[in-house]
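Undergrad: These protein sequences, in sequence, are chains X and D. According to my numbering, the first sequence is numbered sequentially starting from 1. According to my numbering, the second sequence is numbered sequentially starting from 1001.
Some hints could be false.
[As the list claims (entries may be wrong)] Example chain D residues on the side facing chain X (calculated, C-beta under 8 Å, incomplete):
| id | residue |
| --- | --- |
| 1 | 1032 |
| 2 | 1057 |
| 3 | 1069 |
| 4 | 1089 |
| 5 | 1092 |
| 6 | 1117 |
| 7 | 1127 |
| 8 | 1135 |
| 9 | 1144 |
| 10 | 1151 |
| 11 | 1155 |
| 12 | 1186 |
| 13 | 1226 |
| 14 | 1227 |
[Unchecked claim] Not close to chain X: a few residues of chain D, all C-beta gaps over 10 Å, as computed:
| id | residue |
| --- | --- |
| 15 | 1104 |
| 16 | 1154 |
| 17 | 1211 |
Note that these hints are calculated values from the structure, not bench results. Beta carbons are placed, not taken as given, at the ideal position from N, Cα and C, and that holds for glycine.
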Amino acid sequence: MKQEGKKAIWSEYQKEIANDKYFYVRSCIRQNFFPGSEVAFLRIMREVLWKDVYEHPCHTTCSGIGYHGDVVPVDTAMTVVARQFALMTEAGYKNYVPSCITSFGLYTEIIEIWHHFPDVEERTRLQLKKATGREFEVPENLAHASDVIYKFRKEIAAKAKYKLVNKNTGEPLKVVDHIGCHYAKMFPSKGVGGAEYPYVLAGMVEEWGGEVIDYPERRHCCGFGFRQYLVQANRGFSVACSKEKFESMKPFKPDMIITNCPGCPMFLDRWQYVINEMEGKRYGKNNEGIPVFTYEEVAGLVLGFDPWDLGLQMHQTDCEPVLQKMGIEYDPDDKYRLDIRKSNQISPDLVNVRTR
Amino acid sequence: MENLYDILLRDVRFEEGLKACMNCGVCTAICPAAEFYNFDPRKIVDLVQSRDNDEIIELLKSDSIWYCGECMSCKTRCPRGNAPGLVIMALRGLSQDMGYFVESEKGRQQLAIKRTIGEWILSTGYCVYLDGISVAMHPEQGPVWEWVQDNKAELLERMGGNYKGDGPGILRKIPDETLDELRKIFEVTGGLKRYEKIEAASRKKAREMDLDLGEGIDNEYFRHIYKTNNGTHTR
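Next comes chain X alone, as it looks inside the complex (with noise of 0.2 Å):
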C-alpha cells in the first residue's frame, strides 16, 4: 500500500538506538506484575544476541509514578534521575534502556527541560552532589527496552521458532498494538514512528509474522491516569477508559493485544477481568477474551520460550487461545505449579555463536 503525507514522513523516520552495551534499569510495575517479561528480555539479549546489558544492584525507582502521582515534587524527580545517571557513568556505560514506558516518559522529559533550562540541570547537578556526593553524564542513548527488541526484531524472527500465524489456517495473527502514552505523545522524535504511527510494536508484529489492526481508538490511552487508578474512588475512570478500546477494537475481531507500557497489559487484562464480572460481556472470539502481551512475552514465545517460564500464568484473562493458535507446545499441568526451578538454560541453536 502506498503510504502517503505523515504517514510517508514518519515511515521513513527512524530514532537511534544503540547497538550494544547498554545500561538497563528495571521497572517497579513490571517487576511486581510481570516479571518475566524482565528475565526474557535478559535472557534474550544476553543469550541470544549476546549483547551487553549491565543492571545495577543499586539502581532504583525513578519515582515516575510518584511523580505523576504528585506527590514527588520536580526537582526530586531530577535528581532521583540524576543518581541513575550517576551509576551508568560510574559503570563506564552511555547507552541508557529502562524497561518502563513512565520512566522512559520521565528520562526523556527530564533531558528535554535541561536541555532548554541549562541553570535547571546545574542546579540538579548541585542538589545530586549535596546529597549523594555523585556526579553524572547524560546518557548518549536513550532507548526504551522495546526500542532494543524492535532493533533486532530480524535477528529474532530469523531464530524463530513459531510465527504469529494461525497454524490451522495459515492466516496471520490479528494484533492490537498498544504502545502507552508516554511512549511518544510527549515528544514524538524519541519513539519509532512518532505518536500518530506508532511502529515500535507494529514493527516487530509484522516482522514475526502477524497482522496490526488499525481501529479508531489505537491511540487512546490505557486508563492507568496513575491517581485515577491508583486511588479507588477513581477507577471507574480507567475501567472507562480500557471499555472504549475494547468496544472499538471488537469488530475487528482481534486475536490478542502486544503492549509496550508497564501498566498498560496489566489494565488492559485486568479490566476485562472486571467487565465480564460487571457485565458479563467479553471481547473475543468464542466469548472468550482477548489475551495481552508483553513484547518481551511476544518475542519469547516467537523464540520458543515455555509459556510459563515467561509468566503467562500471571495474566487474570487466559493466553492459551493465541498459544494454542500459533501451534505452541506447553504443558497446561505446569501453569500454576510452583516446584519447578528455572534453569536458565535456553535452547543451544538460539544461542548466536557468531557474535560472541
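We have chain X already, so just place chain D on it with the hints.
TA: Chain D only, in chain X's frame:
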C-alpha cells in the same frame, strides 16, 4: 500574598507548558479525562492565563485540577505547542504547597497516594511494591492476584526473580545505603517538605471532618479519602 501566577512561573513545567493559549479546544477534544469527567482542560488553561488571583485560588481548591490522568495526549495535539497536562501538574504542586488540596474530595486523595506510593519509594526503593498491593485494596486484580499474593516468594523464585535478595534482579532488596541516598535526595530537593505539607494539611482537615487519622492506611480518614466518590464528578 504573592500573586499565584508569578509562583507558577517559577515551575519549569509551567514555563514549558503554557505559551499563549488561543482557546481552540483541541486539548479538550483529545482528552480522555474530558470524555469521562466534568473536565475541560481548555477552560483551566484559559482561567490560569487570565492571571486572576482569586479565580486561581478557587481553582486550586476545586476538584477540577485532579481529573487529569497526565497521559499528555494534549501535548501531542496542541497547535501552539502547549501542554495543558504540564500546567495541571504545576497547579497540583501549588495546591499542595498552599494546603488548598484538602478543600476538594479529589484533592484530599493526595494523602492516600503519599502514604502508599510516596512511602514505598523511601521505605523500599520501589514506587510499587508487591507486599503493599493487597487483594483487599485491589479487588480488580482478580483471582490470579490472590494466587500471586499467597505464593509470592515461591512464585518469584520460580520466575527467576530475586525477591528481597542481595545483588541485582527482580524485586531485590534495595541496600540501606541506597535508601539513605534516596531520603537525602528527598530532603535536599523538597520531596520530604512536600510530604510534610500533605500530612499537616490532611491532619487539620481530618479534625474538621471529625475523622480519625492515625499512622499508615488503617484509619478512618484514609479509608474515607480512598473510597469516597460523591457521584458528581462525571458527565
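Undergrad: Each hint should be assessed against the structure and marked as holding or not.
TA: Hints versus structure:
no.	hint	verdict
1	1032	holds (5 Å)
2	1057	violated (18 Å)
3	1069	holds (3 Å)
4	1089	holds (6 Å)
5	1092	holds (4 Å)
6	1117	holds (5 Å)
7	1127	holds (4 Å)
8	1135	violated (13 Å)
9	1144	holds (5 Å)
10	1151	holds (6 Å)
11	1155	holds (6 Å)
12	1186	holds (6 Å)
13	1226	holds (5 Å)
14	1227	holds (5 Å)
15	1104	holds (12 Å)
16	1154	violated (4 Å)
17	1211	holds (15 Å)
In the structure shown, a violation is registered for the earlier hints numbered 2, 8, 16, in ascending order.
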